[in-house]
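Number of protein chains: 2
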Amino acid sequence: MPAPAFRMRSFGLTNVTVQDAFWSARLAANREATLPIEYQQCRKTGRLKAWKLGWKPGKGKPPHIFWDSDAAKWIEACGYSLAVHPDRKLERLVDRVIDDIAAAQQADGYLNIYFTAVEPEGRWTNLRDRHELYCAGHLMEAAVAYYQATGKRKLLDVLCRYADHIDETFGRGKGKKRGYPGHEEIELALVKLYHATDEPRYLRLAKYFVDERGRQPHYYTREAKARGDDPMKYWPGTYEYNQSHLPVREQSAVVGHAVRAFYLYAGMADVAAETGDAELLAACKRLWADATERKMYLTGGVGPSGRNEGFTRTFDLPNETAYAETCAAIALVFFAHRMTEIEADARYADVMERALHNGTISGVSADGKRFFYTNPLTAAPPETYSHIRPGEPFRREWFGCACCPPNIARMIAEFPQYVCSAARSAAYVHLYVASEARAEIAGRNVTLTQQTDYPWDGAVRITVSTDRPGVFALMLRIPGWCRKHTLKVNGKRTAARVTKGYAKLRRTWADGDVVELSLDMPIERIAAHPSVLEDVGKVALQRGPIVYCLEQCDHAADVLTVHLPDRAKLTARFDPKLLGGVTVIEGEGLVPSPAGWAGKLYRPAKELKLQPTRIRAVPYCLWDNRTPGAMTVWLPRR
Amino acid sequence: MPAPAFRMRSFGLTNVTVQDAFWSARLAANREATLPIEYQQCRKTGRLKAWKLGWKPGKGKPPHIFWDSDAAKWIEACGYSLAVHPDRKLERLVDRVIDDIAAAQQADGYLNIYFTAVEPEGRWTNLRDRHELYCAGHLMEAAVAYYQATGKRKLLDVLCRYADHIDETFGRGKGKKRGYPGHEEIELALVKLYHATDEPRYLRLAKYFVDERGRQPHYYTREAKARGDDPMKYWPGTYEYNQSHLPVREQSAVVGHAVRAFYLYAGMADVAAETGDAELLAACKRLWADATERKMYLTGGVGPSGRNEGFTRTFDLPNETAYAETCAAIALVFFAHRMTEIEADARYADVMERALHNGTISGVSADGKRFFYTNPLTAAPPETYSHIRPGEPFRREWFGCACCPPNIARMIAEFPQYVCSAARSAAYVHLYVASEARAEIAGRNVTLTQQTDYPWDGAVRITVSTDRPGVFALMLRIPGWCRKHTLKVNGKRTAARVTKGYAKLRRTWADGDVVELSLDMPIERIAAHPSVLEDVGKVALQRGPIVYCLEQCDHAADVLTVHLPDRAKLTARFDPKLLGGVTVIEGEGLVPSPAGWAGKLYRPAKELKLQPTRIRAVPYCLWDNRTPGAMTVWLPRR
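As they're listed, the protein sequences go chains A and B.
Going by our numbering, 240 is the number at position 240 of the first sequence; the sequence numbering is gapless.
Going by our numbering, 1434 is the number at position 434 of the second sequence; the sequence numbering is gapless.
Next up, chain A with everything else stripped away, as it sits in the complex (with noise of 0.2 Å):
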């Protein structure tokens, strides 16, 4: 087996103008009102004056334990979208916040709200449950972020600092505590600190926290008996809650918390590619096989139980009490990007693409300014929830605990890197968007430009331009959901290998050749696994990458009980003026008949009735952007 490297990297953010309406869309209302209202969220409840390290005891509340990651995630936001698109005020903003940051930094390096003003002496005592690592990934993140789209240092230089005395307090060397994080995410902010600084002890930091973890004896057992806990009354009852349970090289299924879960997969992937490591790619693979074969939703999101804000069993997927966390589906994104760039596999490329389009930005609303942690994929109407039915699945301004809202600002704001990756002589088109995207292929600086309706249609037209004439391939990811495509290039129709997903098209590639892609979009109605038992009986509506779904506000009877029978037509219509304009899928349902039930909860079923209804569905990305009401995704069969 070869050793695992990246076999491409993203042509990057800066070099890929998004063009289009879909995403253009999402990336201005994430720049022109997310991040103000992050910004504004963060202040008025303390996340930002918490830098300066105020609380006193009696001060009230104490900063919570991850709210540095907060303005952490806002600032990585902030760096994407500044890199793409400058705007002095909001980098002044983002300096201000840097600075209070950079002061907050203790002499040894160290830097954490929480353990300076509230609780010194606590500092690295509980690794298990304190987030103070998960804090420290994020602040690097934002570190590496900023400077890539503004040069500047001071954070970066601020967090190379911590990165230095994380190193120094936790390894395998003597004196060291051989701790790893509770919540994963700075194995991979370590790998990304490495690329911004070439500095080789972040990478072995990176690799000595994916290495330890879930060793015996294990070190949340002895660190809670060094506090003078007891190690058995960790809430979860397991350490598969935080995938401790085992060492991950020997991890074949997704347990536990999923945000965690996937942060922990991206970063283990990083490692094995930068380190050539077969063992751990292949643990990769596995972690890989079981959350996308039996633990997804349609949507992309994962970990179906609030419980532990995560993976219960496999092939349990609940549709209303989906918890499907939006930070989760963030962080398949990643992991999926990752797995992309080192197998050079579209399916990987797939299921990123599943999850950009629909469990992903559903998080947030088509003006950038509510925001979901949970993504159902049913809600009942909302005067059904109470204090005794909780979990009221309608979009709000900010959260108690606000993870979400900043991670979904900086997946869109750089959202345009996972458009296309380089690898030596070939150029990769993962995702369809209209978009002008540059790279440097075969020693050549070669442009693909893309124009499409994309995710609306199939039809994508690219033209490359090129300095001067050149061998390489064009990749082109024919996506899982297609099952008929056509190629042409300069007009000509062309036969290509499509290789684990990527149709190649290898030739002399001359200024303004043009590539037409033709990709069949139809409605098509999907079934869930058998086992999936909330699903069993229904189908689901896709077309292209888009998942839709049934809003109540476009419907005169109650949507959660519309049928959809096998036989009934369905047509998608572009409408230019809802949503923002998006494709709608159009047809006739069936609804009980309301006749003969007054005063009857059960009936012969000969009784029941089902009557023809007109039926709209939207792209369930965008559900709740209307009147809030009842929405399903899944429609059962008749």
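All clues stand as given, with none of them false.
Residues from chain B that face chain A, not an exhaustive set, calculated with beta carbons under 8 Å:
#, residue
1, 1384
2, 1388
3, 1526
4, 1529
5, 1592
6, 1600
7, 1603
Hint data in this document are derived by calculation from the structure and do not stem from the laboratory.
Just so you know, even glycine gets a beta-carbon here, dropped at the ideal spot from N, CA and C.
We have chain A already, so just place chain B on it with the hints.
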């Protein structure tokens, strides 16, 4: 509107001898297994010893605030059992427990383990939460049952003294507390005590508790303040939890904790009938309609949510997470029986029959040894439950909160009294069961002997025996599930008018007259009201009063994936060897073919092939008597 009253009264427990297979087996298991087991469990867990009032600080966990009621319900059950089946050994056991209870009574008549042994200063300070009056009520029911069974007055006298004490403590008189129970139960118990003693004060006290409930200024608010507690910090967030959000006469919606609700409604019905209170009866009828037309499982289970052990919203009837506490279905039977006797309307008896044959007796295993607290309509495979996904719905030997086991014991023991009721010149047959039932009707000693294989067969032969011929009406319930019936008297087809669900046969009855009732009992596919979201697109199987389910142990295919085609032929077959002899329903269902699913979680629905599979449905009330496994009542239609 005429003043309400009971239009009939039960033939009485000792006047009905059950001789069938279905109920006799339950009565025997109850007597031979359940009652001894419950005694042992109460002993083992300290529930009996607690009556010695020996708890002292530092002596381990104090007795629980409602342990009194566990012993009380066991005594009550023993009373009913002893009444029809004398057992000196059992009687001696009960006598000894009664000695301890009597010795625990305080000089002023007060009687409660917790508030005597543990927190005497807390007596009557927290009616809202602490179950004192609830425990008192259960002890009263026990006292009456045991007195009626054995003629022994000891416990009855103790409870009269306690009732007197409660009467002196609560009421509208000067210096009295204006309180009422946080957990209703004492209302119906006081009416029983009134009948056993002819003491009208007990009826008046019951009426006071009913009428005082929910008045403003709210007693629980004042009581909380008096304790120094914040009344707003009531965990359920609403007085709906214990039905004190409104005066009961103004209530129309079934809300809150389900057992509390139906004990209250039963008490309201008692008071309405005993006092001729039409307004109160109207409230009972409104609440009945809300319960049975919008909030009841097909099994007669009630209260969908574990969060409040009760009601959430209209039509919220989830199957897998159904709480449907055994006690709540029992309480519904109590309410239904009272309404049947007040209204002489079979729709009340229909629900009584439904709950009796399904959602109540599901609560105890066929051998009488293991119990359900909750009665879901779907169970996932045992291995899929964990601390992350709790609620494993399989039978257990006991519960920390053990209200259900002695409750089902008392209900089964008193089952014979639900069969027939006597009016002045009419005998009502509510339930069909092979039995001999004796009563005085129109001055005659009448015996009704039912020969039938009900609930497996709809043919019922009733022989009337009488000491001398007399004119009276035989009122035979035509069950709501029955769409066709025929009647013969002495071999001759007779057309009887069906009034409020009872076929009326009024004639001069002579000794040896024979009535043959034939109730058409086909297999029915039942649909739920379209607003019951969990059951959209699904059907359940019912035959006669019996609701069926599919259990994993009868199937090779995953039962949770079985679809039922509308056209599938279903056959009923009596299997004498299965589960003590039951009628099973057999036929051909469809299950998804596993072909093509390897490594796939979602596929185009047209690729999902269904393949035939033999199905066998068994009575829901007998599920989980074999190998624990998945179970479902509702099946997707095809």
